[in-house]
Amino acid sequence: MLEIKNLHVAIEDGSKKILNGLTLTVHRGEVAAIMGPNGSGKSTLSYVIAGKPGYEILDGEILLEGENILEMEPDQRSAAGVFLAFQYPLEIPGVATMTFLKAAMNAHLRAAGSDEIKTPDFMKRVRKAADDLGISQDMLKRGLNVGFSGGEKKRMEILQMALLEPRICILDETDSGLDIDALKVVSEGVNKLRSADRSFLVITHYQRLLNYIVPDTVHVMSKGRVVKSGGKELALELEANGYADYVSDAA
Amino acid sequence: MVAVKETVEQVRALDVDQYKYGFSTELEVDKAPKGLSEDIVRFISAKKGEPEWMLEWRLDAYRRWLTMTEPNWARVSYPKIDFNDSYYYAAPKMNASPKSLDEVDPAILDAYKKLGIPLREQEILAGVQTSKIAVDAVFDSVSVVTTFKEELKKVGVIFCSISDAIKEHPELVRKYLGSVVPVTDNYYATLNCAVFTDGSFVYIPEGVRCPMELSTYFRINEKNTGQFERTLIIAEKGSYVSYLEGCTAPQRDENQLHAAVVELVTMDDAEIKYSTVQNWYPGDSEGKGGIYNFVTKRGDCRGANSKISWTQVETGSAITWKYPSCILRGDGSRGEFYSIAVSNGMQQVDSGTKMIHLGKNTTSRIISKGISAGRSQNTYRGQVSAHKKATNARNFTNCDSLLIGETCGAHTVPYLESKNSSAMFEHEATTSKISEDQLFYCRQRGLSAEEATALIVNGFVKDVLQQLPMEFAVEAQKLISISLEGSVG
Numbered sequence: 251m252l253e254i255k256n257l258h259v260a261i262e263d264g265s266k267k268i269l270n271g272l273t274l275t276v277h278r279g280e281v282a283a284i285m286g287p288n289g290s291g292k293s294t295l296s297y298v299i300a301g302k303p304g305y306e307i308l309d310g311e312i313l314l315e316g317e318n319i320l321e322m323e324p325d326q327r328s329a330a331g332v333f334l335a336f337q338y339p340l341e342i343p344g345v346a347t348m349t350f351l352k353a354a355m356n357a358h359l360r361a362a363g364s365d366e367i368k369t370p371d372f373m374k375r376v377r378k379a380a381d382d383l384g385i386s387q388d389m390l391k392r393g394l395n396v397g398f399s400g401g402e403k404k405r406m407e408i409l410q411m412a413l414l415e416p417r418i419c420i421l422d423e424t425d426s427g428l429d430i431d432a433l434k435v436v437s438e439g440v441n442k443l444r445s446a447d448r449s450f451l452v453i454t455h456y457q458r459l460l461n462y463i464v465p466d467t468v469h470v471m472s473k474g475r476v477v478k479s480g481g482k483e484l485a486l487e488l489e490a491n492g493y494a495d496y497v498s499d500a501a
Numbered sequence: 009m010v011a012v013k014e015t016v017e018q019v020r021a022l023d024v025d026q027y028k029y030g031f032s033t034e035l036e037v038d039k040a041p042k043g044l045s046e047d048i049v050r051f052i053s054a055k056k057g058e059p060e061w062m063l064e065w066r067l068d069a070y071r072r073w074l075t076m077t078e079p080n081w082a083r084v085s086y087p088k089i090d091f092n093d094s095y096y097y098a099a100p101k102m103n104a105s106p107k108s109l110d111e112v113d114p115a116i117l118d119a120y121k122k123l124g125i126p127l128r129e130q131e132i133l134a135g136v137q138t139s140k141i142a143v144d145a146v147f148d149s150v151s152v153v154t155t156f157k158e159e160l161k162k163v164g165v166i167f168c169s170i171s172d173a174i175k176e177h178p179e180l181v182r183k184y185l186g187s188v189v190p191v192t193d194n195y196y197a198t199l200n201c202a203v204f205t206d207g208s209f210v211y212i213p214e215g216v217r218c219p220m221e222l223s224t225y226f227r228i229n230e231k232n233t234g235q236f237e238r239t240l241i242i243a244e245k246g247s248y249v250s251y252l253e254g255c256t257a258p259q260r261d262e263n264q265l266h267a268a269v270v271e272l273v274t275m276d277d278a279e280i281k282y283s284t285v286q287n288w289y290p291g292d293s294e295g296k297g298g299i300y301n302f303v304t305k306r307g308d309c310r311g312a313n314s315k316i317s318w319t320q321v322e323t324g325s326a327i328t329w330k331y332p333s334c335i336l337r338g339d340g341s342r343g344e345f346y347s348i349a350v351s352n353g354m355q356q357v358d359s360g361t362k363m364i365h366l367g368k369n370t371t372s373r374i375i376s377k378g379i380s381a382g383r384s385q386n387t388y389r390g391q392v393s394a395h396k397k398a399t400n401a402r403n404f405t406n407c408d409s410l411l412i413g414e415t416c417g418a419h420t421v422p423y424l425e426s427k428n429s430s431a432m433f434e435h436e437a438t439t440s441k442i443s444e445d446q447l448f449y450c451r452q453r454g455l456s457a458e459e460a461t462a463l464i465v466n467g468f469v470k471d472v473l474q475q476l477p478m479e480f481a482v483e484a485q486k487l488i489s490i491s492l493e494g495s496v497g
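Protein chains in written order, with our numbering: chain A, 251 to 501; chain B, 9 to 497.
Worth flagging that the hints you see were computed from the coordinates, not collected in a lab.
All C-beta atoms, glycine included, are put in the ideal place defined by N, C-alpha and C.
One thing to keep in mind: the hints can contain errors.
[What the hints assert, rightly or not] From the structure, some residues in chain B lie toward chain A, with a derived Cβ separation under 10 Å: (1) Ser430; (2) Glu444; (3) Phe468.
[Claimed, not checked] Here are the simulated lysine-lysine pairs, DSBU-like style, with alpha carbons at most 35 Å apart: (4) B:Lys441 x A:Lys403; (5) B:Lys470 x B:Lys362; (6) A:Lys255 x A:Lys266; (7) B:Lys368 x A:Lys374; (8) A:Lys403 x B:Lys470; (9) A:Lys368 x B:Lys121; (10) A:Lys267 x B:Lys441; (11) B:Lys281 x B:Lys441; (12) B:Lys183 x B:Lys368; (13) A:Lys302 x B:Lys441; (14) B:Lys470 x A:Lys391; (15) A:Lys391 x B:Lys281; (16) B:Lys486 x A:Lys302; (17) B:Lys157 x B:Lys470; (18) B:Lys296 x B:Lys362; (19) B:Lys486 x A:Lys368; (20) B:Lys486 x A:Lys391; (21) A:Lys434 x A:Lys473; (22) B:Lys441 x A:Lys368; (23) A:Lys434 x A:Lys302; (24) A:Lys473 x A:Lys255; (25) A:Lys374 x A:Lys434; (26) B:Lys441 x A:Lys473; (27) B:Lys296 x B:Lys183; (28) B:Lys470 x A:Lys302; (29) A:Lys266 x A:Lys478; (30) A:Lys266 x B:Lys441; (31) A:Lys374 x B:Lys470; (32) A:Lys266 x A:Lys302; (33) B:Lys157 x B:Lys39; (34) B:Lys441 x A:Lys391; (35) B:Lys281 x B:Lys162; (36) B:Lys368 x B:Lys427; (37) A:Lys255 x A:Lys478; (38) B:Lys441 x B:Lys396; (39) B:Lys470 x A:Lys378; (40) B:Lys486 x A:Lys403.
I would like the entire structure built from these sequences, with the hints used as guidance.
Below you can see the structure in the form of structure tokens.
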């Protein structure tokens, strides 16, 4: 599904190199967790996959279903099935959440050469998906993410994920700023979306999230590369011993 | 968001030539000789078949204008205008006053058709349009047709060109013309008094709620020709009217002058809602050509508890100098100003409002949204004042500016003045940029850069768009997006 090969990335002004030959494969239907200390390049990895401007790709490639996506615009990558749940979702004042969701869904439908969704069908789908995540109708009428709590914003990310039906979902520290109840709701939302055709890249600092979203594989990042890969038991080991071993290994 | 998609498609179809109203119409034209003099003023008055008092009024204005100097306090710059290098009267050759559309030159009808302005009543009635709109179509210096006149007459509403009003309703015109914007108000207004050629006249009798929207569509077609229109709207006690104004011009390399005067009068409990979508040719991306839009618009809430509301969407013109204002004379009267001013390329906008509180318990509200892109400069200039007797005057002002890119400017210049200790003025202002992060977020969800910008901008102007009549709001939304085409990398 997703293959990242020998990826070297620097910040565009050349001030700092962040990814140093990162290689990672996520298979179809696999849930891969990425863990690592602050500054190891986890968030940069998620941005680079999604195509955020401001980074220079020095070497390597990212293949989605065998196709190199590095030359694609962010919206083309989205249409190809890349979804990034942001650590800090952006606010868009004056744009009702409903309006935004419909624009996004229609952009995907158009990219696939399909007709736009009819309003009654759209309403039905959104209501159902929103109910599952405990998102009120009132929230859907408000400006996107404007005045939402941290937990509400994260649930809104999962709602968008559910509606856009991506092939690869990247969750960038989705657990940050969530209390235990919100964490459960969000995790349940994610687990419902797990399927044999959909892969996940779950980026997190803490093992806690992985109690709810149980990964198939765990990868440890340090200094811009994957330094250790293993099964879900690797996360528990990290929780007990910290990152110290891997950080020094990589140095 | 259907409108966003349509907009993006339209923008793509437009390609390089973003200004879709830039066509010109070939016509036989009746023109005044070039330049400005007493003879030209007499020429215009004679062409219009005006009574003597009107000519005297014009000549008086012209003589006063000669002694005045151009204002220079606005944040705009342009080469000195040679007022003798322009034509002051240009009219398509046709019957003096066509009795029906069949007598109007098909080329003119075609021009309005291209602009999407419905002039045939039966087509409007048969069409899918949900609400009827009466239109006064002004082409260069003359009104070519006014629709639904008869139907409006039944309820006592007078809607005709100002030229007809001068002849047919002189008592009303003499009473109100120049009573809100005095002849010597300012340089451009005085010039307008001398050489105005046409415009609309509306009279709503006591207690009448105008049964349809009234609108005037201004089109400048001729080269090197100034358009000086004059609009006068009077709403008697307890009446109501909603009036829309639209404007476009062909794409030409020379600058053209547009200096209009609009006067509104509301008596006790009356309300006028005046909406403008201004889309004069803005010039090319290097600042060549475009309309100089120097306009004086003012409403006088003469009666108690009367209300005047200005809503404007300004996307065109090389230079905009425009401050639709309210004189809140009647006790309990209310003034509102809702504005969206979009500037791109080399456009310069200096626009805002004046709310002059004279009566007791008067209230006003100002919501201004400025969007700057390209190398444009966009200034909000607003005055709020409470005079000694304006006990409990209230104003709320909110000015937001949105910047797109690195090379444009937004400026806010409020003037607040209170001579009454019970007055309360509130002023809020923000300046923001469409952030890279917001754009990326939208694009990550599948929206193209243009769609994302259109969406964010539409969100920014939502409060003002809501004030426009439905059909107009959709148009305005599209127009804003088209004006900003090419402003994101």
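Violated hints, by number in ascending order, as checked against the structure: 1, 7, 27, 38
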